Every structure is written in structure tokens, then in C-alpha cells.
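So the chains spell out like this:
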Amino acid sequence: MLTLPSSLYDQMVAHCLTGLPEEACGLLGGDPVSGHVYRCYPTENLAASAKLYTVDPREHLRADRDAEGAGLSIIGVFHSHTHTDAYPSPTDVAQAPDPGWHYVLVSLADIQPVVRSYRIVEGVISEEPVCVPGR
Amino acid sequence: MPVQVNLPTVLRAHVGGVKTVTAEGSTVGEVLRFLVDRYPGLSGQVIDPNGSLHKFVNVYVNDDDVRYLSVLDTPVKDADDISILPAVAGGSTGAGEHHRR
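Chains as they are written, first to last, in our numbering: chain A, 1 to 135; chain B, 1001 to 1101.
Hints listed in this document are in silico derivations from the structure and should not be mistaken for laboratory results. One or more of the hints may lead you astray.
What the hints assert, rightly or not - Simulated coverage check for chain A against chain B, where a stretch passes if three residues somewhere in it have a Cβ under 8 Å from a Cβ of chain B: (1) 51-58; (2) 76-86.
Said to hold, decoys possible - Distance windows between CB atoms, simulated: (3) G1041(B) x A14(A): 33 to 43 Å; (4) R1012(B) x I125(A): 23 to 33 Å; (5) S34(A) x P1075(B): 22 to 32 Å; (6) I125(A) x P1075(B): 17 to 27 Å; (7) V132(A) x P1075(B): 18 to 28 Å; (8) A1079(B) x V121(A): 30 to 40 Å; (9) S49(A) x P1049(B): 23 to 33 Å; (10) R65(A) x V1071(B): 18 to 28 Å; (11) Q112(A) x A1013(B): 13 to 23 Å.
Computed from a predicted structure; not experimentally measured. Note that CB positions come from ideal geometry on N, CA and C, so glycine has one too.
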């Protein structure tokens, strides 16, 4: 399960909406054991595309250091799908770097953004619950 | 000369579970090849079969991404801090309407 405080959930969705018409992306800092997210790191999409994203490597390094400095880890990545559902694409699966990570998809295909989270282990996708305390 | 190399979670299993290892080399390429020689589990993870930096990782010398420097030929000095992180990318390419639900 991924636990995402409402303020970080809103920050993540707002970053995705701001990125339109391109895909937006960012990293999530948290506790790798519990799956609780404590920090959201919106990053630039270097691919600058409506169909692809690349997290800016230097922003990734800064986020990683910030998270480590706070006793946390980067435990996942989020990105938007501007016109498709919140489900990992073959590209997402092929490039998923870490089986321990949470892969969060924000679909902007409909008026109401849809957020879902997945684990991707050796190409196998499994959805996990997203808990937003208070909502 | 010895340098410290910080590894991402996904590669730590290949080096005994630690976050930081010591390596030697005067360029990024030498450092990475040193690591692959010492930790064969890293083979194919940081250097691709053509001998280039693997596209699925980013390597930094201190704060700088080596792809913006001289990639594997980037010089490394004593006490430089080298970090390896996964390249994080993807996208909706290939996602069809059949995924709508």
C-alpha cells in the first residue's frame, strides 16, 4: 500500500496539471518499509513530450540527497498520462528501474484526475491501494 | 586513487547490501570497470555490451551528470564523490484505449 498525505497528493496532481499538454513527472520520498510518502519532488520532464517522460537526472540526485538526509529514501516515481488511463504502459514497464519502487500514475484523460499506484517486478504489474488519510 | 561510489538500492544487492563502496580509477569508465571486476553482479548493469555507459543508469561526479561532461572519459580526482542512480523514464507510448476501464 502507498500512503500519501493529502497535501502531497494535491502537490503531485497540481504538478501534473501544470505540465499539460506534456506529461509531468516527479519522485516520492518516504519509508521503503511502510510505503508512507513524506516528501514529493516535482521534477522537470526532460523529454518535454505528451507521450514520454524523463526525470531530470540532476533533480533526481538532489531529491535523493534530500531524502537520504531526512532519513528517507526515494521510494517511487509519479508521472501523468495525458490521454490514457492510469495504468503502466509497455514503455513504463520496460523502463521500471527498481522492483522496490511504487509507480504512481496520474491520468488526466478525464476531467477528474485519477491516481493509481503499482508495483512492477520483472515485468509483472500489480496494483496496490493508495491511502490518502482523511479522504 | 580511491573514490567513494554511492549505489542505488537496486544495485546494492550486488555489492553485499552496502550503500557506498570504494573503487579506484582516474576516469568514470575506469571506476565503473573496477566495480564490475570486483562485483561481477554489476556486469551489464552499468556498462552496456558496447562498452558505453548503460542507458538505464545516470552517473554523477559530485553534482554533475557525466553525460554533460565527458561520459566515461570524465576525469575523477581523489576524494570525488561518485553517485549512480537509475535513469527514470517512461511514458504513455504503447498505452492503448484497451487500457481504459
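Going through the hints against the structure:
no., hint, in the structure
1, 51-58, "holds (count 7)"
2, 76-86, "holds (count 7)"
3, G1041(B) x A14(A): 33 to 43 Å, "41 Å, holds"
4, R1012(B) x I125(A): 23 to 33 Å, "24 Å, holds"
5, S34(A) x P1075(B): 22 to 32 Å, "42 Å, violated"
6, I125(A) x P1075(B): 17 to 27 Å, "42 Å, violated"
7, V132(A) x P1075(B): 18 to 28 Å, "47 Å, violated"
8, A1079(B) x V121(A): 30 to 40 Å, "38 Å, holds"
9, S49(A) x P1049(B): 23 to 33 Å, "28 Å, holds"
10, R65(A) x V1071(B): 18 to 28 Å, "22 Å, holds"
11, Q112(A) x A1013(B): 13 to 23 Å, "40 Å, violated"
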